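With positions in the sequence shown counted from 1, the corresponding number in the numbering used here is that position plus 444.
Honestly, I wouldn't trust all of these hints.
Stated by the list, open to error - What follows is a set of in silico ranges between Cβ atoms, one per label pair, in the way DEER data are often shown:
no. : residue 1 : residue 2 : range
1   : 547       : 517       : 18 to 24 Å
2   : 593       : 563       : 21 to 27 Å
3   : 594       : 545       : 19 to 25 Å
Derived by calculation from the structure, the hints in this document are not laboratory data. As the structure is a computational prediction, the values presented were derived from the model and not from experiment. Built from N, CA and C at the ideal position, the CB exists for glycine as well.
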Amino acid sequence: MSRLIIKSKSIFSQAHRFTPAVTQSCSFKKNSKDFPMPDPELVPKRDFRVGWAYATESKEVEDPGKGKITHSLPIKLTLEKRAKPYFWCTCGVTKNPPFCDSSHRREEKSYKPMKFFVTETKDYWLCNCKQTDNAPFCDGSHKADEVQSSVKK
Numbered sequence: 445m446s447r448l449i450i451k452s453k454s455i456f457s458q459a460h461r462f463t464p465a466v467t468q469s470c471s472f473k474k475n476s477k478d479f480p481m482p483d484p485e486l487v488p489k490r491d492f493r494v495g496w497a498y499a500t501e502s503k504e505v506e507d508p509g510k511g512k513i514t515h516s517l518p519i520k521l522t523l524e525k526r527a528k529p530y531f532w533c534t535c536g537v538t539k540n541p542p543f544c545d546s547s548h549r550r551e552e553k554s555y556k557p558m559k560f561f562v563t564e565t566k567d568y569w570l571c572n573c574k575q576t577d578n579a580p581f582c583d584g585s586h587k588a589d590e591v592q593s594s595v596k597k
């Protein structure tokens with residue numbers, strides 16, 4: 445029977461010597477226009493208020509709820525497919541709707557912008573009332589009476 449003896453102050457400092465090497469099979473240029481879009485089935489489930497969370501993980505975090513209703517209609521924008529992500533405002537206090545301008549940092553609740561990519565260059569309807577269940581895209585939630593009545597006209 446052979447014995448493994450590690451002469452070191454820490455087992456972890458030399459543990460890499462006894463594990464198989466794993467190499468990265470591909471690399472990406474930071475600003476490449478040919479950035480591959482991830483396969484949706486391989487991407488972990490995203491909770492934009494918590495960060496990346498796999499479906500098997502459970503995190504107890506204060507839910508800030510849906511953002512402040514400041515607009516009663518969605519906004520139609522032409523978004524380009526690109527490697528750089530878009531950041532959709534979830535708090536509703538941005539001065540640059542529907543995109544985040546870091547206004548959430550002044551709020552008491554823990555809002556975070558939602559990072560998203562588009563798969564093709566075309567017109568998209570982005571939610572401006574912050575009540576959508578299909579964020580960042582509009583799902584018609586702005587038609588509800590409570591949304592329409594809460595917006596100052």
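Now the hints, each set against the structure:
1. 547 x 517: 18 to 24 Å: Taking Cβ atoms as reference, residue 547 and residue 517 lie about 20 Å apart, which means the hint holds.
2. 593 x 563: 21 to 27 Å: 35 Å, violated
3. 594 x 545: 19 to 25 Å: 22 Å, holds
Consistency note: the structure conflicts with earlier hint 2 alone.
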